[in-house]
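Colleague: Going line by line, the protein sequences match chains A and B. Numbering-wise (my numbering), the first sequence opens with residue 1 and increments by one. Numbering-wise (my numbering), the second sequence opens with residue 476 and increments by one.
If you're looking for bench data, these hints aren't it; they were derived computationally from the structure. Backbone N, C-alpha and C fix where the C-beta goes; we use that ideal spot for every residue, glycine too. One or more of the hints may lead you astray.
[Unchecked claim] These stretches of chain A come out as covered by chain B in the derived footprint (C-beta under 8 Å, 3 or more residues):
| id | segment |
| --- | --- |
| 1 | 169-177 |
| 2 | 186-197 |
| 3 | 209-218 |
| 4 | 231-237 |
Spelled out, the chains give:
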Amino acid sequence: MHVTSPVRTPLVTGGKTYADVTEDICKQVEGKPTRAWTIAFVISFVVLIYGTCCVFWTWWEGLGVWGLNKTIGWAWDITNFVWWVGIGHAGTLISAILLLFRMKYRTSINRAAEAMTIFAVLCAASFILMHMGRPWLAHWALPLPNTFGSLWVNFNSPLVWDVFAISTYFTVSLVFWYMGLVPDLATIRDRATSKVSRYIYGAFSLGWNGGAKTWARYEYISLILAGISTPLVLSVHTIVSFDFATSVIPGWHTTIFPPYFVAGAIFSGFAMVQNLMLITRVVFKLEDYITFEHIESMNKIITLTGSIVGVAYITEFFIAWYSGVDYERYAFINRAFGPYWWAYWAMMTCNVISPQLFWSRRIRRSITWTFVLSVIVNIGMWFERFVIIVTSLHRDYLPSSWAMFSPTMFDIGDYIFSFGLFFTLFLLFAKFLPVINMFEVKAIIRSASERLPASVSGVAKGENVTSPTYNKDVE
Amino acid sequence: MSQHNDSAKFLVGVYDDDEVVLKAVTEVKSAGVRIHEVYTPFPIHGLDVALGHPRTRIGIAAFLFGLTGFLCMVALTYYTMGYDWPMIIGGKDHYAYPAYIPVMFEFTVLFTALGMVGTFLISNGLGPTTKPLMFDLRSTDNKFVMAIDLSKNKQSETEIASVLRASGAAEVNVKQF
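Just chain A, with the same shape it has in the complex (with noise of 0.2 Å):
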């Protein structure tokens, strides 16, 4: 018999085993692509192949080719740069953060979100390379000595912030991440069948083998990874948000930036995720794992971070009018009334109004509604950039010098080469790394799972397991 606290719901449904977990997680590494992911695969290649050739053009031709003018100067460029960060850090806030909270739905979410993160990075820094035109000088945003003499970066700039920022958020993404994948690489080892898939989870499980130290010692690094990459991951949208907020353009100029910037980060990120899970425990048959109370669960986010984005943007506009700075006020009437005051209000319909609905329990359980509304999101966050960037800039100082952006096709193209590398890498990294931390969920089981077979774990005879012992002494 096991008793689970009728307080708490249930976070693996389906009576799982240990064995379960592993058989479940297992099969889609192990078995041969199903159709459905074939077609998926084969759909982002070709857009990847499409954006590819935008990219090199745009490299080839030099930024002429995007729809930017002397008013203008940034634009589809930055707006795509900041989303996709902005999407990445979902993975570290389920990774770190909910890991610090001892929450344990992140359990069988955190390893597709974190590999989110370190796609969306990588998308993200695509679109630094991209904006600098001469991708083949980027070492120059390095402090490097150089051939003008010993002058350097100037490291009052926070663009010169943000090259550390992102490329330290990358790298302690990916370590956290790996560091994670290595215990069940290691299970995969072991059930391996042909040579080769041996040899290669093998070389990436690095020997493990499970020992009582090495968990310890395992544990605690987990914990103090989790440690620095929470203040981390607030310091890199902040740090994104100060490219911004450190400049005097009326609109950018604003201390409400940095919270605003992380909130409407993780908004937008617990959106991706929701998209990809959603798509991921069909297709995989995760249900058991990925369960209504975990969508639930990151609804509830997404509602109170839009709720913070909601608040954001409207103090915003307060202070505009409270500053009394004629420039400041225009900035933001312009915003909403002005030329551009479609973005303004997709933004404000598709992420203040749109994540309210999730107070409504039932729309909140709904996959559809999820689904949808997520879409919506992420939707309304690329406006909520593009808004900030460019109307900020539209209409410059002078009247002579106002303009408007409309963006060509490799605007365009760059954008869709991102989606194109975002979903062939997630995609690859859903058929050959098990989507959901085995050994997480398999910790959590006794205590978070539906119900437990009589065997269990195979309880030995005669014993009753009432109350799960570690779960009392540590957490």
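On the provided structure of chain A, position chain B as indicated by the hints.
Modeller: What follows is chain B alone, placed relative to chain A:
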């Protein structure tokens, strides 16, 4: 993990349940048997304490790596901005350190993460060419495996086997490397 010699002979107790193995560690130890190590598919809290493993000191290493990263960036920003090519930007001091706090923080985090994980891999002997010492392949799936080094125990093989069975082991196997 300590390395074994080539002819080491082990008695391997295979347990079906994480709570049983946790209790079994205490029972086996009180029967006077020295446990080599317990291998589990997921971390069992309290197992390292039951086995008497000392608390890891990897946190100290992490702190020192972080400190190194921080000092490296202090040195780099000081050298480039304050010494090698001092410039007056915005009428501020050459070495306007508040503006360098973001990069100092990033370097602290970067060095902590890489240094700590590197230390972890080295101290556990983990690497792409490491051949895993597996007492039972199911210990990364659903079994909990207790390994007893026979050369380090005075008792006979049958005595230890009965201790393992009494503590709840479902199988007791012999493993020779």
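Colleague: If you count the residues of the segment 169-177 of chain A with a beta-carbon closer than 8 Å to a beta-carbon of chain B, do you get 3 or more?
Modeller: holds (count 4)
Colleague: Counting residues of the segment 186-197 of chain A that have a beta-carbon nearer than 8 Å to any beta-carbon of chain B, does the count reach 3?
Modeller: holds (count 5)
Colleague: Go check the segment 231-237 of chain A versus chain B for me, would you? Three or more residues, Cβ under 8 Å, otherwise it fails.
Modeller: holds (count 3)
Colleague: Counting residues of the segment 209-218 of chain A whose CB is closer than 8 Å to a CB in chain B, do you get three or more?
Modeller: Result for this restraint: holds, n = 10.
When each numbered hint is compared with the structure, no violation occurs for any of them.
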